[in-house]
Structure formats: C-alpha cells, structure tokens
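Asker: Spelled out from the first residue to the last, the chains are:
Number of protein chains: 2
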Amino acid sequence: LNNISQPTINRLCTLFQILVEMENAGVVTISSSELGEKVGIGSHNVRKDISCMGGIGSSGAGYEVAKLKNAIALKFGFTDQKLTCIVGLGRIGTALLQHAQNTQGEFRIVAGFDSNINKLETIKTTVSVFPAHQIPEIIRKMGIELGILAVPETAAQEAAGRLIDGGIRGIINFTATHISVLGKKVFVKNIDITGELRILSALIKIDSIG
Amino acid sequence: LNNISQPTINRLCTLFQILVEMENAGVVTISSSELGEKVGIGSHNVRKDISCMGGIGSSGAGYEVAKLKNAIALKFGFTDQKLTCIVGLGRIGTALLQHAQNTQGEFRIVAGFDSNINKLETIKTTVSVFPAHQIPEIIRKMGIELGILAVPETAAQEAAGRLIDGGIRGIINFTATHISVLGKKVFVKNIDITGELRILSALIKIDSIG
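Sequence lines, in order, name chains R and A.
Each residue of the first sequence is one higher than the one before, starting from 292 at the first, in the working numbering.
Each residue of the second sequence is one higher than the one before, starting from 292 at the first, in the working numbering.
Note that these hints are calculated values from the structure, not bench results.
Incorrect hints may appear among the rest.
Just so you know, same-sequence chains aren't split out, so a pair can sit in one copy or run between any two.
Stated by the list, open to error - The list that follows gives simulated cross-link-like pairs (lysine-lysine, DSBU-like), each with its CA atoms no further than 35 angstroms apart:
| id | residue 1 | residue 2 |
| --- | --- | --- |
| 1 | Lys360 | Lys475 |
| 2 | Lys415 | Lys496 |
| 3 | Lys415 | Lys480 |
| 4 | Lys360 | Lys496 |
| 5 | Lys329 | Lys415 |
| 6 | Lys358 | Lys480 |
| 7 | Lys329 | Lys432 |
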C-alpha cells in the first residue's frame, strides 16, 4: 500500500465507527483529544491519521463530525456498496446470513454457498443460495468482492481457493485455520473466537502471576 | 503485564494454534523458520518469543511440537478449563451457544443470558439459560471467568456492566460498540464483523489507487 499504512487504515476505520455513533447521537463537532480518548491513542496521532485524508482541517471547536466521516467514507470507498457472500451455511454462517439482511448501505450479502445441496433446500432466507462448486461462476457473474468463510476447518482452504478462483478481493476467515491466498492479491482478516478466548485466558494468567 | 508483552502473547497464541494443527497432522518436530513462515514473522523472533516460555530448547531437528505446545498451555493456563457464558441469545448468540457445546477442553459454555424471558423458554439447548438481571449472581455462583457479549449495540454497556459486577475477568465483545470496563481489571477483545469488512474495503480501495 503506497500512500497509507495498514495501522493507519485500521485506526481510521475505528474512527469512522466512532463518527457514525457520534453523528447518530447528534454530535456536530469533536476535538482530536476526545477522538483520541475513544480510539485509545494521543490527539497528536489522531491529527496525523486524519491528515492522510488530505484537506480536512479542524476549527477551534474541533472537527466537523459529518464532514470527517464523509471524507473517510470517500477515501476508503465506503460510498460504493460492496457485494458480499457467505461460504458455509452452518449455524454461524446462517446467523450471519440473517443478520446481514438487516444491514443497509456499505455491504450487501447477495449469495450463500454450502457443499451440502440438501441443506440449501431447507434454509429460509431471501438471499440466493448455491452449491459450493458454483462459487467461482457466481462471484464472477454477480461481481461479488468480499467473502465470509464460515466452513468447517477441514474445508477452509478448498473453499478459499474457490473464492480466489472467482476473483474475490477480500476474505473474512471465521475458521481457526490459516488460509493461503495462493499468491493472488487477496486481503484476508481472521476472526477466530477460540483464538480470542485463548488470548484472554493468557492475559488473565500472566496478569495473576505478574 | 510484567514479564511478557501483549504482542508476544498474541503471537504465542497463534503459535499454539499452529502447534495443535501440526500435532493433529502427526508432525513431531518443527524448525523456527517453518514456524515463522506460518505465523508471518522471522525465525529470530519466533525463537525470541519462545524464549519467554523459559527452558524450551530446540535440537538440530527443531522444536518438539508436543513439548512446545504443552509449555505454552501451561504458561498461559490453557490446562485449566475456563467457564464461559454468552450474553444475548439472538441469532449470533444462539449459534455460539450451539457451537460451543461441541468444544471440549479449554473453554466450556455453562450459561446463556437474555433480557427477553419469553425467548429463554423457546431456546433449545443443554446449556442453562437465565434472565439478564441474574448475570452477576450466576457468574459468582458458577465461577464463570469469561463472557461473550452478543447483545444489540444499545444494550452493550449495560450488559458489560453486569458481567463486570459479577467479577468477570475477560469479555469478547461481538458488538460494534466500544465498552468501558468501569475502571475494573477486565480484559476486552473486540470482534467486529462490520469493522473487519470496512478494513478489507479500505485495503482494496487504497491498493487500487496505490
């Protein structure tokens, strides 16, 4: 990434969520120190991150919430709705499918996939569902950019391979397995509940010794 | 944390998962460079992280998989099963409840909570479920250490407050809302699917400009 670092992207995404909440709460302006407190960084770093957006200044009263939020949305392409699919329609996958139907705006779940064809017939959803072998074809046909992987661990790499074959740009990996992107330019974010529980356990244990 | 940094804890937890997979695949020894490749860091840093465990050496053939795995488990308290609860039994919470019943070993889901008492009566699970106002009492009575927060965003802070009242040690926050631990020594890990989708969108956008 040439002009903006990944940690800065992460922090600006956190900032975006805070600005959404502020705007919903009717807040019009916010200072860099208030923003820093919420993100957990210093006000200097908030201003530095925001300067990456280019041309967003703050008045004496601070940043305009709506203006800063819109600048981040524009810079990061949140204004273009991203079509998303879910692979693996077990309990978690199905929950996400239902959950996602309520989401408006930035992301839209337009397809679900499962290797069990009998299961596809029983799922109650308004989202179209397809057998897993059709993943590459459907991704290309519908222009799906993001995929959420919620298959069993043993099926993770095969399913990821099909997403990548179809030209997916980003994957959220809900399995504990590390997946390979097979040398393609595909971004992966891991969401691993067991892993997070382990980190909490370790923090508690080390804290009790320390 | 006095004797081991949080990034080191994170990496050693990733290492632990890899060692579990290696052991299941029948691998007996592994080198620091192979481990580094899988974690995405250099072999020097792998050795440095492992040295925090104390007294774990590698032979010419590398580290013994089982020995290193067990050393991490012992150091981080993975050998003591942690009792865990889920707050918010909507689609995601219920899916986690079912999912967790299959999990053996390090974590055991022993209670579910929801503020909707009518909902509690309809949930099919072998895990005990209780109304949300009983959270502090049940946590104390059962000795629950970890809580998974899967309530609507507007209910997140109140539910977190109840967990903290009961003396919870760690929280996985599945809501997009930032929660305050009210000055108590409680560790929080955030799992935010929308946030991760946004980061993927931003990475794709910046990559396409860059």
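Asker: Quick check: which numbered hints come out false for this structure?
Answerer: 5
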